[in-house]
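Asker: Line by line, the protein sequences are chains A and B. If you're matching positions, the first sequence starts at 1 in the working numbering and goes up one per residue. If you're matching positions, the second sequence starts at 1001 in the working numbering and goes up one per residue.
Calculated directly from the structure, the hints in this document are not laboratory data. Some clues are possibly wrong.
Said to hold, decoys possible - Below, in silico cross-link-like pairs of lysine to aspartate or glutamate (DMTMM-like), each with a Cα-Cα straight-line distance of 25 Å or less: (1) B:K1313 <-> A:E311; (2) A:K313 <-> A:E297; (3) B:K1215 <-> B:D1283; (4) B:K1313 <-> A:E314; (5) A:K216 <-> B:D1065; (6) A:K131 <-> B:D1225; (7) A:K96 <-> A:E28; (8) B:K1131 <-> A:D296; (9) A:K216 <-> A:E232; (10) A:K216 <-> A:E85; (11) B:K1258 <-> A:D306; (12) B:K1113 <-> B:E1092; (13) A:K216 <-> A:D154; (14) A:K313 <-> B:E1314; (15) A:K258 <-> B:E1250; (16) B:K1096 <-> B:D1065; (17) A:K313 <-> B:E1232; (18) A:K215 <-> B:D1065; (19) A:K96 <-> A:D154; (20) A:K113 <-> A:E8; (21) A:K258 <-> B:D1296; (22) A:K258 <-> B:E1133; (23) B:K1131 <-> A:E232; (24) B:K1258 <-> A:E232; (25) B:K1258 <-> A:E246; (26) B:K1118 <-> B:E1250; (27) A:K215 <-> A:E303; (28) A:K131 <-> B:E1314; (29) B:K1216 <-> A:D296; (30) B:K1215 <-> A:D154; (31) A:K96 <-> A:E62.
As the list claims (entries may be wrong) - Partial list, derived from the structure: chain A residues whose beta carbon lies under 7 Å from chain B: (32) T4; (33) P48; (34) P50; (35) A183; (36) A186; (37) A220; (38) R224; (39) I227; (40) C291.
From a predicted model like this one, the values you see are computed outputs, not experimental measurements. Every residue, glycine too, gets a C-beta built ideally from N, C-alpha and C.
2 protein chains.
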Amino acid sequence: MFRTPFTETFGIEHPIVCGGMTFVGTAELTAAVANAGALGLLTALNSPTPEDLALQIERTRELTDKPFGVNLTILPTINPIPYEEYRQVICESGVKIVETAGSNPAPHLPSFKEAGVKVIHKAVAVRHALKAEALGVDAISIDGFECAGHPGEDDIGGIVLIPAAARQLRIPIIASGGIADGAGLAAALALGASAVNMGTRFVATTESPVHDNVKKQICANTERDSILVFREFHNTARVARNSISEQIAEISRRPGAKFDDIAELASGARARERVLTNGDLEDGMWWAGQCQGLIDEVLSCAEVVDQVLHEAKEIIQVRLAGQLQEDLVPRD
Amino acid sequence: MFRTPFTETFGIEHPIVCGGMTFVGTAELTAAVANAGALGLLTALNSPTPEDLALQIERTRELTDKPFGVNLTILPTINPIPYEEYRQVICESGVKIVETAGSNPAPHLPSFKEAGVKVIHKAVAVRHALKAEALGVDAISIDGFECAGHPGEDDIGGIVLIPAAARQLRIPIIASGGIADGAGLAAALALGASAVNMGTRFVATTESPVHDNVKKQICANTERDSILVFREFHNTARVARNSISEQIAEISRRPGAKFDDIAELASGARARERVLTNGDLEDGMWWAGQCQGLIDEVLSCAEVVDQVLHEAKEIIQVRLAGQLQEDLVPRD
C-alpha cells in the first residue's frame, strides 16, 4: 500500500517495523509481524548462546516465508557476551537484515557487508545517527523521548527529532517512539521518516509472549503511565508506572543516592522478565512507552498492521487531501 | 490553501497561530502575523494597564485589517492584576478571538460569550483540555513537552499528546510545541489537530520585537539547546540553554535547594525582557523551544507562513500521496 525508501531498500511490503525487544522479540512474534508484511526483528540476545540463536532463526523461518531480521544489541556487560559469534550465526543464517543498537556498530559492519546483510542502526540523537551513516549503515531507527526503554539523555520529542534527523541524513529513517497507530505513521512520513518502529504496540498483540495482564495493562494505561528511571545514573529508561518504578524514582532523587540503593529493586532484566512471565504487574519494572495512551485493545499482529496502514491511508487521502484546498487564484 | 475546523471556526485564512508571548506579542508582530493570513494574538499583559491594552488593540487595528486576537494569561501574582478590567477592554474592543492560558478560564467565559468572543484555551494535558471543553471554550491549544515556556509536569511529547487529545476532544485542536515548519503542520494535521501554534518560529522573524542577537541565536541553536528549569518547584519552564539557565538547573538539583537560592538568578520576567531587549544572551533566561533545531534563518512573518503552507502542501500532495500506492488488488 505504501512504497517508501524503507520498503524499497529492505524489500519489506509495509513501512512498519517491530524492533528488537528483550524477552519479547521471539520467533513467534517475529514471524507474526513478518506474516503481516512488516519487518519483525528476532532479538539475538534472547538466546543464551549463539547456537540457540541459529535454532531460533530456523524456527522463525518455519513460521514464515516472508523476510525478517535479527536485532543485535551491543552493551557493556559484566559477563562478556560473544558478540562475534552471534554475528557469525546471523551472517551464516541467510538473514539479510540486522538491527544494531546500544553502541557503535563499526566493529560489526565489515562482516555484515560481506555477507550482504543490510544494517539498521538504532540511535537516540542526530549526531549518533550521522556517525552511523558515515560508517555505512543502511538506515537509522531514530528513537524519540517518548519511547520505551532507553531514550538517551537529550529528551528530544519525536516531533522535533524526526525532522531534525531527516534534514541531515540521506539514508532512510525509521521513526521510533510514541507511534502506535495510523496517525503516527502518517505523521512520521510527513516529518521525513520512511517507516515507523512500534514496540509497545506489538507487545500488546495476541502473538506477543508476555502475560495477558501486561497486555491488558498497556491497554488500560494512559499516556501518563510511564516514568523515567536511572536518569541520575545517566542510563535513563522509560518504564511502566508502578509501585516499583515509583520507588526507584523516589530513592534515586534522594540526596547522594547511589545505584546500589536501588540495585535490588531494579535487578535489571530478571525483574522485567518476571513481570512479563508471571503477570504480577508490581513484581518488577517493565518497559512501556508513552504511546500506551493510544493503545486500547489487544489485537493480532495482522490486525495491528492492517489498522495502521488503513488509518494512515484514510488520513492522507481523506483528512489531509480534504483539508488542502486548491486555490488557483489567491483568495485576496 | 487549507480549510480545517480551525479556519472555519475562527474565520482565519491559514491554520497557523502565533500564540501570546510575554514581551514578544506586540501590536507589530500580531499585525504582521494577521497580514500573513494567520492568527496573531496580542499579549494583554504586555500592557501595564487595561487602558494601554485598549490602545494596543487600536494600534494593531491600524496595522492590519485582518482578524486578530488577544492572549489573556491568568496567573497568581504577588501584585493582583485587574483581570476583569483587561477582559472588559477585550470585550468592548470588538476583538472576536481570545486565547486564555495559565489557569481555569471559567470566571471569564460568560463575559466572552456574551460579547461574541470565541475562546481558545491553552492546556498542557488532555484532562485539562477536556475540562475546558466542558466549560464551553471553542478550541484547545495543546502544548507538548517540546514547547518553550511552561510544558507542565507530565512530559508528554506532541507525537503522543496531540493524537491523545484528538481522540477525546470534539472541538478544534491547535497543536503547539515543537512545530516550526511545513512538515510540522502536515504532521499535526495527520495527528488530528486542525492548526499549529508556533512561538519560537515567530520570535525569529523580522517583525518580532526581540534583539537581533536572540533571533540569530535561535537560528544557530540545535534541538538540544533548550533546558528545563524550575522542575523542582513544580513550575517547569523550557528556556534557551545558556550560562544562567545551566546555573539555575545546577543549583536547583542540589539537596534541599529552595526557590530563594535561584530567585535572583531567575528574577522572572525582568531578566527575560532584559535579554530580549539588550541582546546580551547571558544576561538572563529567555524562553525557547526544542524546534530551535528546525529554524535556520530570520524571515518575515509572511515568508514564514508562506513557507510553512507550501512545504505542508508539497508534503501532502507529493511525498505522502506519492508514497501511497493504489493497490486495487491485494499484493498477495
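Asker: Work down the list of hints and note, for each, if the structure agrees.
Answerer: Evaluated hints:
About 20 Å separates the Cα atoms of B:K1313 and A:E311, which keeps this hinted pair within 25 Å; it holds. With a C-alpha separation of about 21 Å, the suggested pair A:K313 and A:E297 falls inside the 25 Å cut-off, and the hint holds. For the proposed pair B:K1215 and B:D1283, the alpha carbon gap of about 15 Å is at most 25 Å, so the pair holds. About 17 Å separates the Cα atoms of B:K1313 and A:E314, which keeps this hinted pair within 25 Å; it holds.
At roughly 55 Å between alpha-carbon atoms, A:K216 and B:D1065 are farther apart than 25 Å, so this suggested pair is violated. Distance check on the hinted pair: A:K131 and B:D1225 sit about 20 Å apart at the alpha-carbon level, within 25 Å; holds. About 19 Å separates the Cα atoms of A:K96 and A:E28, which keeps this hinted pair within 25 Å; it holds. This hinted pair checks out: B:K1131 and A:D296 have alpha carbons roughly 22 Å apart, not beyond 25 Å.
A distance of roughly 31 Å separates the Cα atoms of A:K216 and A:E232; the hinted pair therefore is violated under the 25 Å criterion. For the proposed pair A:K216 and A:E85, the alpha carbon gap of about 37 Å is over 25 Å, so the pair is violated. At most 25 Å may separate the alpha-carbon atoms for a hinted pair to count; B:K1258 and A:D306 exceed this at roughly 53 Å. Distance check on the hinted pair: B:K1113 and B:E1092 sit about 12 Å apart at the alpha-carbon level, within 25 Å; holds.
In summary, the hint linking A:K216 to A:D154 is not supported, as the alpha carbons are separated by about 31 Å, beyond the 25 Å threshold. Simply put, A:K313 and B:E1314 have alpha-carbon atoms about 17 Å apart, close enough for the 25 Å limit, and the pair holds. Between A:K258 and B:E1250 the CA atoms are separated by roughly 19 Å; this keeps the pair inside 25 Å, and the hint holds. Among the hinted pairs, B:K1096 with B:D1065 is consistent with the structure: their alpha-carbon atoms are about 13 Å apart, no more than 25 Å.
In summary, the hint linking A:K313 to B:E1232 is not supported, as the alpha carbons are separated by about 43 Å, beyond the 25 Å threshold. For the proposed pair A:K215 and B:D1065, the alpha carbon gap of about 55 Å is over 25 Å, so the pair is violated. The suggested pairing of A:K96 with A:D154 is violated, with an alpha-carbon distance near 32 Å, which exceeds 25 Å. Under the criterion of a C-alpha separation no larger than 25 Å, the hint pairing A:K113 with A:E8 is consistent with the structure, at around 18 Å.
Straight-line distance between C-alpha atoms of A:K258 and B:D1296 comes to about 42 Å, which puts the hinted pair past the 25 Å bound. This hinted pair does not check out: A:K258 and B:E1133 have alpha carbons roughly 45 Å apart, beyond 25 Å. Annotation: proposed proximity of B:K1131 to A:E232 is violated, straight-line Cα distance about 35 Å (limit 25 Å). The hinted pair formed by B:K1258 and A:E232 meets the criterion: a straight-line CA distance of about 20 Å does not exceed 25 Å.
The straight-line distance between the Cα atoms of B:K1258 and A:E246 is roughly 23 Å, inside the 25 Å bound, and the hint therefore holds. Taking the CA atoms of B:K1118 and B:E1250, the gap is near 42 Å; set against the 25 Å cutoff, the hint is violated. A hinted pair counts as satisfied when its Cα atoms are at most 25 Å apart, and A:K215 with A:E303 qualifies at roughly 15 Å. About 30 Å separates the Cα atoms of A:K131 and B:E1314, which puts this hinted pair outside 25 Å; it is violated.
The suggested pairing of B:K1216 with A:D296 is violated, with an alpha-carbon distance near 45 Å, which exceeds 25 Å. A hinted pair counts as satisfied when its Cα atoms are at most 25 Å apart, and B:K1215 with A:D154 qualifies at roughly 23 Å. In summary, the hint linking A:K96 to A:E62 is supported, as the alpha carbons are separated by about 16 Å, within the 25 Å threshold. Proximity of A:T4 to chain B holds as hinted, the smallest CB-CB distance being about 5 Å (cut-off 7 Å).
A cut of 7 Å between beta carbons decides the hint on A:P48: the least distance to chain B is about 35 Å, and the hint is violated. Contact between A:P50 and chain B, as hinted, is not supported at the beta carbon level, the nearest pair being about 33 Å apart and thus beyond 7 Å. With its C-beta approaching chain B no nearer than about 5 Å, A:A183 sits inside the 7 Å limit, and its interface hint holds. The beta carbon of A:A186 is positioned within 7 Å of a beta carbon in chain B (closest approach about 4 Å), and the interface hint is therefore held.
Checking A:A220 against chain B by beta carbon gives a least distance of about 14 Å; that is not within 7 Å, so the hint is violated. The closest approach between the C-beta of A:R224 and any C-beta of chain B is roughly 5 Å, which is under the 7 Å cut-off, so the hint is satisfied. Nearest Cβ of chain B to the Cβ of A:I227: about 9 Å, over the 7 Å cut. The hint is violated. At a threshold of 7 Å, the smallest CB-CB gap from A:C291 to chain B is about 6 Å, leaving the interface hint in force.
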